[in-house]
Amino acid sequence: MAEATLPEDKELALEEHLTELRNRLVVVLAAVAVISCIIFVFTGSVISFIKKDLIPDGTKLIVLNPLEYMYMRFMLGIVGGVIICVPLIVYEIFKFMKPGLYPNERKFFIKVVPASMLLFALGAAFSYAMLIPFSVKYFISYAGGVATPMLVLSRFISFLSFMLLGIGLIFQLPLVISFLVKAELVKKSDLKEKRKYVYALLFLAAVTVAPDPTPVTPLVILVTLGIVYEISIIFAGRLL
28 MAEATLPEDK ELALEEHLTE LRNRLVVVLA AVAVISCIIF VFTGSVISFI KKDLIPDGTK
88 LIVLNPLEYM YMRFMLGIVG GVIICVPLIV YEIFKFMKPG LYPNERKFFI KVVPASMLLF
148 ALGAAFSYAM LIPFSVKYFI SYAGGVATPM LVLSRFISFL SFMLLGIGLI FQLPLVISFL
208 VKAELVKKSD LKEKRKYVYA LLFLAAVTVA PDPTPVTPLV ILVTLGIVYE ISIIFAGRLL
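When we follow this note's numbering, the leftmost residue of the sequence shown carries the number 28, and every step to the right adds one.
Since the hints were made in silico from the structure, they are not lab data. Treat the hints loosely; a few may be bogus.
Only pairs whose alpha carbons sit at most 30 Å apart, straight line, appear in this in silico DSS-like list of lysine-lysine [what the hints assert, rightly or not]: (1) Lys122 <-> Lys138; (2) Lys209 <-> Lys223; (3) Lys125 <-> Lys223; (4) Lys164 <-> Lys79; (5) Lys215 <-> Lys134; (6) Lys209 <-> Lys219; (7) Lys164 <-> Lys87; (8) Lys138 <-> Lys209; (9) Lys214 <-> Lys138; (10) Lys209 <-> Lys221; (11) Lys78 <-> Lys214; (12) Lys214 <-> Lys134; (13) Lys138 <-> Lys215; (14) Lys219 <-> Lys138; (15) Lys209 <-> Lys122; (16) Lys134 <-> Lys223; (17) Lys138 <-> Lys125; (18) Lys134 <-> Lys122.
Ranges between beta-carbon positions, derived for each pair [stated by the list, open to error]: (19) Leu88 <-> Gly253: 27 to 35 Å; (20) Tyr98 <-> Met144: 26 to 34 Å; (21) Met177 <-> Leu41: 55 to 63 Å; (22) Tyr226 <-> Leu88: 30 to 38 Å; (23) Glu257 <-> Val109: 26 to 34 Å; (24) Pro93 <-> Ile258: 42 to 50 Å; (25) Val68 <-> Lys164: 25 to 33 Å; (26) Arg182 <-> Ile254: 42 to 50 Å; (27) Tyr169 <-> Ala57: 43 to 51 Å; (28) Leu228 <-> Phe135: 23 to 31 Å.
In this text, a Cβ means the ideal position worked out from N, Cα and C, and glycines have one as well.
Taking the hints into account, I'd like the entire structure generated from these sequences.
In structure tokens form, the structure reads like this:
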């Protein structure tokens, strides 16, 4: 009953809310702009590192027009700036929302956000270290002996971004399932008994979101989804 009110918070006028929102947006945009400019200076080295780390020897990384390389450096700078500023963005969102949150909602926010960010980082790291190298080597070997393998910079970066973001989001599954179990929206026994239906949905999801027409990427995504789902069952209800 005590949580039905917000004892330490006062309602702010609409104008004050808008002013606070503007100030927090300015802080976030300024931080993203500064970090993006700093990263832009090093994006050439980043692209060289990615090429050396992920692309097999003998495979050329090409651009289709003179501006493509500069455009990709610009985009990498912005994306990198946003990623690095995610903790600041989350903090500013929390501070803006805090006056309207009940104490239990604040605790939930503080508990979930770090766990979500950690799982995303683990997913992205797993994708970079295991899945992306495997996929790239397969695609290149598939054309071996028939054509000279070359990768277009913009398409390769798009594929890389898709895999990092996609697997990072897939790794949120334990958190989502844990929330559903804790909220008693699903039972842990149902997660085990209805595996075949879940895997059918996971298969459809993998085929739908895969960025290439070959069965390799969908299979990689499906296997990852399956592993994460089984881990989610083990930790269901324990992460929150």
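Results for each hint:
1. At most 30 Å may separate the alpha-carbon atoms for a hinted pair to count; Lys122 and Lys138 meet this at roughly 15 Å.
2. The hinted pair formed by Lys209 and Lys223 meets the criterion: a straight-line CA distance of about 23 Å does not exceed 30 Å.
3. Between the alpha carbons of Lys125 and Lys223 the distance comes to roughly 42 Å, so the proposed pair goes past 30 Å and is violated.
4. Our distance criterion of 30 Å between C-alpha atoms is met by Lys164 and Lys79, whose separation comes to about 13 Å.
5. Distance hint between Lys215 and Lys134 is fulfilled; the C-alpha atoms sit about 24 Å from each other, no more than 30 Å.
6. About 16 Å separates the Cα atoms of Lys209 and Lys219, which keeps this hinted pair within 30 Å; it holds.
7. Annotation: proposed proximity of Lys164 to Lys87 holds, straight-line Cα distance about 13 Å (limit 30 Å).
8. Between Lys138 and Lys209 the CA atoms are separated by roughly 14 Å; this keeps the pair inside 30 Å, and the hint holds.
9. A threshold of 30 Å between alpha carbons decides the hint, and for Lys214 with Lys138 the separation of about 22 Å falls inside it, so the pair holds.
10. A hinted pair counts as satisfied when its Cα atoms are at most 30 Å apart, and Lys209 with Lys221 qualifies at roughly 18 Å.
11. A hinted pair counts as satisfied when its Cα atoms are at most 30 Å apart, and Lys78 with Lys214 does not qualify at roughly 46 Å.
12. About 24 Å separates the Cα atoms of Lys214 and Lys134, which keeps this hinted pair within 30 Å; it holds.
13. For the suggested pair Lys138 and Lys215, the alpha carbons sit about 22 Å apart, so the restraint of at most 30 Å is met.
14. Of the pairs offered as hints, the one joining Lys219 and Lys138 holds, with about 26 Å between alpha carbons and a cut-off of 30 Å not exceeded.
15. Between Lys209 and Lys122, the direct Cα distance comes to roughly 26 Å. Compliance with the 30 Å bound is thereby established for this hinted pair.
16. Between Lys134 and Lys223 the CA atoms are separated by roughly 36 Å; this puts the pair beyond 30 Å, and the hint is violated.
17. Under the criterion of a C-alpha separation no larger than 30 Å, the hint pairing Lys138 with Lys125 is consistent with the structure, at around 14 Å.
18. Restraint check: the Cα-Cα separation between Lys134 and Lys122 comes to about 13 Å, which is no more than 30 Å; the hinted pair holds.
19. Judged by the Cβ atoms, the range 27 to 35 Å given for Leu88 and Gly253 holds: they are separated by roughly 32 Å.
20. Hint check: Tyr98 to Met144, Cβ distance near 29 Å, so the stated range 26 to 34 Å holds.
21. Under the hint 55 to 63 Å, the C-beta atoms of Met177 and Leu41, about 56 Å apart, fit the expected range.
22. Between Tyr226 and Leu88 the Cβ separation comes to about 37 Å, which falls inside the hinted range of 30 to 38 Å.
23. About 32 Å separates the C-beta atoms of Glu257 and Val109, a value consistent with the hinted range of 26 to 34 Å.
24. Distance hint check for Pro93 and Ile258: the Cβ-Cβ separation is about 47 Å, which falls inside the suggested range of 42 to 50 Å.
25. Between Val68 and Lys164 the beta carbons are some 31 Å apart, a value that agrees with the proposed interval 25 to 33 Å.
26. As the Cβ distance of Arg182 to Ile254 is approximately 28 Å, the hint placing it in 42 to 50 Å is violated.
27. In this structure the hint that Tyr169 and Ala57 lie 43 to 51 Å apart at CB holds, the actual value being about 46 Å.
28. Separation of Leu228 from Phe135 is about 27 Å and conforms to the stated range, judged on CB atoms against 23 to 31 Å.
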